[in-house]
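Engineer: Chain by chain, the residues run as shown.
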Amino acid sequence: MSLELIRDILVATVPLLLIFPTLFAFTTWLERKALARIQNRIGPNKVGVPLTRYGGRFSLFGLGQPMADGIKMLFKENIVPRDADRLFHLLAPILALIPAMLVLCFLPIDFPWINNIQDSVKAFMLDGAVIFFFAITGLNTLAVFMAGWASRNKYSLLGGMRAIAQMVSYEIPLVLSAVIVVMMVGSLNAAEIANAQAGWNWFVFTPWGLAAFIIFFIAALAETNRSPFDLPEAESEIIAGYFTEYSGFKFALFFLGEYIAMFAISGLAVTLFLGGGAGPGVAALPWLSVIWFLVKIFALIAIMIWLRGTLPRLRVDQLMGFAWKFLLPLSILNIFIAGSALHLLAGGRLAGLDEKQPILRQLMEGANPLVVAGLWIGALLILYVAANGLNQLSRAKVRPREYKYAE
Amino acid sequence: MSEQIAFWILSAIAVLGALVAVRKRNLIHGVFALMIFFAALSGLFLLLLAEFIAAVQILVYIGAVGILLLFAIMLTERVAGDDGRRMTSRGWFWGLVVAAAVFVVLLLPAIQQWPTPEVTQAPDPSVEELGHKLMNPYVMTLEVLALLLTAALIGAVTAAQGIRKPKEEGSPE
Amino acid sequence: MTLHHYLILAALLFCIGLMGAFTRRNAIVVLFSVEIMLNAANLNLIAFWRYGDNPALQHGPLFTLFAIAVAAAEVAVGLALVIAVYRHFRSVDLEVMDTLKEE
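Protein chains in written order, with this note's numbering: chain U, 909 to 1315; chain H, 2 to 174; chain V, -14 to 88.
Quick caveat, the hints were computed from the structure, so don't treat them as lab data. On a predicted model such as this, the values are computed, not experimentally measured, just so you know. Be a bit skeptical, because a hint or two may be false.
[Unchecked claim] Taking lysine to aspartate or glutamate pairs in the EDC-like style, the calculated list, with each CA pair at most 20 Å apart, reads:
#	chain 1	residue 1	chain 2	residue 2
1	H	K25	V	E80
2	H	K25	U	D991
3	H	K25	V	D38
4	H	K134	H	E144
5	U	K1062	U	D977
6	U	K1030	U	E912
7	U	K980	U	E1166
8	U	K1030	U	D916
9	H	K134	V	D38
10	H	K25	U	E1166
11	U	K1030	H	E129
12	U	K980	U	D916
[Claimed, not checked] The calculated label-pair distances, taken between Cβ atoms and stated as ranges, are:
#	chain 1	residue 1	chain 2	residue 2	range
13	V	T(-13)	U	F934	51 to 59 Å
14	U	N1299	H	R91	25 to 33 Å
15	V	R75	H	A147	30 to 38 Å
Beta carbons are placed, not taken as given, at the ideal position from N, Cα and C, and that holds for glycine.
Throw the hints in and build the complete structure from the sequences for me.
Structural biologist: Okay, structure coming up:
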């Protein structure tokens, strides 16, 4: 365990611990303001620069609100119910935070300080990143159940059981959408996947990639318990679900864990589908890729906040039916389409390809444009028909509505 | 040197986790100890340079089998184990003796010094070779495994649902 | 660490699982113990692959992958059976489920 290895590991991980919580604070402010504007109100606008008088002086659109919230949560009383399992009650928020922060190392963001560390540390972080990401995101389910169980509260247990049923069901379309990207690139390495989309070859611009991105995004909303899938933490239904008995700093840890998980999964979506740091001007200035990566993550977070403010919540049977009867068959069909498109594009060339380069890029270089256009239209058509068909199949079998008063 | 420290720590966690899982009266504590055991085992797989298997261990065992065990515990009784019934079965003493005997029998070849082959090269931890082998010689095994998992899925759903009475016409879905 | 360390660890874990399967009355704890035994066997397989003479054959991870998948399927079916039996006997105690035994 040489000193250089320790130094390299610290250099790779500690800046993430500083950057992402700062982004988290900014995101909470953004969310409250954006939700407020969607709901036709203003949102926090009083707290500004600390230690100055509020209301008129330097209120800065309420940008000091996250800091005020943090200080408030630190000073709140730590209440644990009398019959609750004290050890698990303490461990659950910690266990919710650790996987979320751990997967942040697997994102291929080219920070300038990473260039000087040893190759073995870089290789460990990125090699097989995709499967480690899904493995560690699965630990979140455990933390949610622990929180629900340890609170000795029927509402918490109900929220916890619903949450783990939801998270386990939506993991499958999540992983199957990522499988398509791995198939196209031929590697589990996050850096290779990001580099295979250099320029404007993002996977979201291919038909199977677009379908996979939409499925991935919907499943990611469900994995992080965001609206419209936030039945486990619904405020009007089961008080706060598995969060109910938590106050003060533990609640802040849960909150932090949820938002960092949102960042992590948006980061994975950006890596897999949106090019991961590719954008105009990257060839000239390499540090611009970091800015582009963060901009794309924020675009996805903005879409998540927008969906939270706009869509109503799904009921638990609608939620499970959506995962198992719609997203799962669609993602399997997507894999099938992507595989057959790969073979049709290749013709007979599949055996002679260089396995170290991304497979799709090699195939697209020598392809007939008519074949490519045909594949695009065919794939989009099949996916559209399948989505509609599955939708019709899963409709509730009720009579059409009869309006008694409105005509 | 660091590998040795990691091995001893991980094996201590694994043995403790397994012991707590089989000796605890409270089943939920037992399941969490079992998950710590799975995590320690995943760490040991990482030490043995099997990265993919370590990730699959966490994904399958902690993420799926553990959750399944939790659901099953919730659906049955004696979850917290705080009634006064005896925890151990009737023949526990002879079971313990047999387990100790099996341990001794397993230990005999493990401690002997038989000639181990020269480790020519450390295995390549990447997934690529594994993928090639899965497709070329072992594709039938993969297909049979898929069939087995489908059969297990259908069987588990049928066994847990019980026999349903036929529904009347016109009732909502 | 040599192969022997891993083999002794795997033997110890296997026997802890075996002890759990023989000693406890609760059917679900017996399932825990079966999982511990399967994991100990997987550890054995990977250790032999790592310290064997041709690791490029990938026989360790392959066998372990299939063993993990089969173990997951088995625990699913086992738990479904436990739930079905609980519905009938109202108990998961193994000493209550002895109706096949002669008096």
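Engineer: Is the Cα-Cα distance between K25 of chain H and D38 of chain V 20 Å or less?
Structural biologist: Judged against 20 Å, a Cα distance of about 41 Å means the pair is violated.
Engineer: Taking 20 Å as the top limit, are the C-alpha atoms of K1030 of chain U and E129 of chain H close enough?
Structural biologist: OK: K1030 of chain U and E129 of chain H at ~19 Å, within 20 Å.
Engineer: If you draw a straight line from the CA of K1030 of chain U to the CA of D916 of chain U, is it 20 Å or shorter?
Structural biologist: Measuring from Cα to Cα gives roughly 9 Å; hence the hint holds.
Engineer: Sort out whether E144 of chain H lies within 20 Å of K134 of chain H, counting only the CA atoms.
Structural biologist: Satisfied, since the Cα-Cα distance of roughly 14 Å is no more than 20 Å.
Engineer: Could you see if the CB distance from R75 of chain V to A147 of chain H stays within 30 to 38 Å?
Structural biologist: holds (37 Å)
Engineer: Are the Cα atoms of K1030 of chain U and E912 of chain U separated by 20 Å or less?
Structural biologist: Measuring from Cα to Cα gives roughly 13 Å; hence the hint holds.
Engineer: Holds or violated: K134 of chain H with D38 of chain V, Cα cutoff 20 Å?
Structural biologist: Between K134 of chain H and D38 of chain V the Cα gap is close to 18 Å, so the pair holds against 20 Å.
Engineer: Hinted pair, alpha-carbon criterion (20 Å max): K980 of chain U, D916 of chain U. Please report holds or violated.
Structural biologist: Between K980 of chain U and D916 of chain U the Cα gap is close to 36 Å, so the pair fails against 20 Å, i.e. violated.
Engineer: Need the status of pair K25 of chain H, E1166 of chain U: alpha-carbon distance at most 20 Å?
Structural biologist: violated (32 Å)
Engineer: Given the proposed pairing of K25 of chain H with D991 of chain U, does the C-alpha separation stay at or below 20 Å?
Structural biologist: holds (19 Å)
Engineer: Is it true that N1299 of chain U and R91 of chain H lie within 25 to 33 Å of each other by Cβ?
Structural biologist: violated (57 Å)
Engineer: Holds or violated: K980 of chain U with E1166 of chain U, Cα cutoff 20 Å?
Structural biologist: holds (19 Å)
Consistency note: the structure conflicts with the earlier hints numbered 3, 5, 10, 12 and 14.
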